[in-house]
Amino acid sequence: MQFENTKEFAQKLDKQDPLRSYRDQFLFPKINNEEVIYFTGNSLGLQPKTSKQYVDEIMQDWANLAVEGHFYAEKPWWDYHERLAGPLSKIVGAKPSEITVMNSLTVNLHLLMVSFYKPEGKRYKIICEEKAFPSDQYMIQSQVRFHGYEQEDAIVEIKKRKGEHNFRTEDILATIKEVGEECALILIGGVNYYTGQVFDMKKITQAGHDIGALVGWDLAHAAGNIALQLHDWDVDFAAWCSYKYMNSGPGNASGCFVHERFHNLKNITRFEGWWGTEKKSRFLMKPDFVPMPNADAWQLSNASVLSLAPYLASLLLFDEVGMESLLKKRNLIVSYLEYILLEIAKEVHGDFEIITPSNPEERGTQLSVFLHGEGRKLFDYLMKNGVVTDWREPNVIRLAPAPFYCSYEDMYNFGQLLKQGINAKK
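According to our numbering, the sequence shown is numbered sequentially starting from 50.
These aren't lab readings, by the way, just hints derived from the structure by calculation.
No residue lacks a Cβ here, since even glycine has one placed at the ideal position from N, Cα and C.
Incorrect hints may appear among the rest.
Distance ranges between label pairs, derived from CB positions [claimed, not checked]:
hint : residue 1 : residue 2 : range
1    : D220      : Y187      : 21 to 29 angstroms
2    : E369      : E201      : 43 to 51 angstroms
3    : E309      : F58       : 26 to 34 angstroms
4    : S374      : N472      : 48 to 56 angstroms
Could you build all of it, start to finish, from the sequences and the hints given here?
Structural data, given as structure tokens:
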């Protein structure tokens, strides 16, 4: 498609957008009495208007039924989490039985490590990417220390080549092969939070299995953002937060994937609690744990339904639209944003360096941009004038035009505000 940096062209794209009506199903903050241009769905998605209805429904059931709401609410609380498995399985490419929802992301990664990081003998190392999201770094470091290893020895970081912003798949595969039989686990973020690079999860998972290692993925920036086929890629386990691209609300419940081959293993190591025991006997209070025959076996306590309610509201929108439609718009709107950035750079004689891969197969919704010669003042200008974006030191802004609620006209208007902010300093 031949893009144009005009409002008329952007409006034409919006008229042709089959998802345009979904923008009206989200609540936008306002600055200067105008809805903001929202680029931080990669950090916290906007609130679906139906979320309040789903939360209010639980509050009403609590008021009217009290404890009986566990069994007699319209959506009984004791199995509320099961309603999320079907929609989530379509988003991440899994079987519903391989999905559970519980806790928060880092908690779930720690719990999954109990089952999937089993260092023994010379096989004890973990491969991860350098400068992973800090919580992942802390989690991995504490896990290897817990098992009695020095983190400098047990953690192998995949490196970027000098002067390059993104990882090369061939370097990742080479590192996996080099570590070989010393590797117990590979645990990488499916999408790099800083650059927006998408990793080749299928190839990396296969390479890990080829050396006898287990492979897990942190999908915080991937779930609801890119095409995933966790079951078919033979991924061992994965976890993700729900409040970024899946719009469930701040700090909300985390999703987990556990491949079905690990279900019903009697000798698997796992921390256990009563919500993981078989449903039919859960309230008989038996002393012996009998695991659920699916990923719910990893659950510990009864789910926080007040957290699950807005997540369910958002997932039903995903189920209605489908990932294929979202990905199609994502590719077009991100390409249009990329075009706008490069056009504005020409107009202001600026030096913008997009460090996210240009290949649509290697990126999701996010573009990370070095604004060489520009500083925090430009970011502050954008924020004051209705562009909610994300700043990362030293001079990177992350722009994530979520396809559910961002418009092509937003991209055009952002370009004009960016130009105004730069020219205001001259």
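Query raised in the report: Against which earlier hints does the structure fall short, listed by number upward?
Result: Numbers 3, 4, in rising order.
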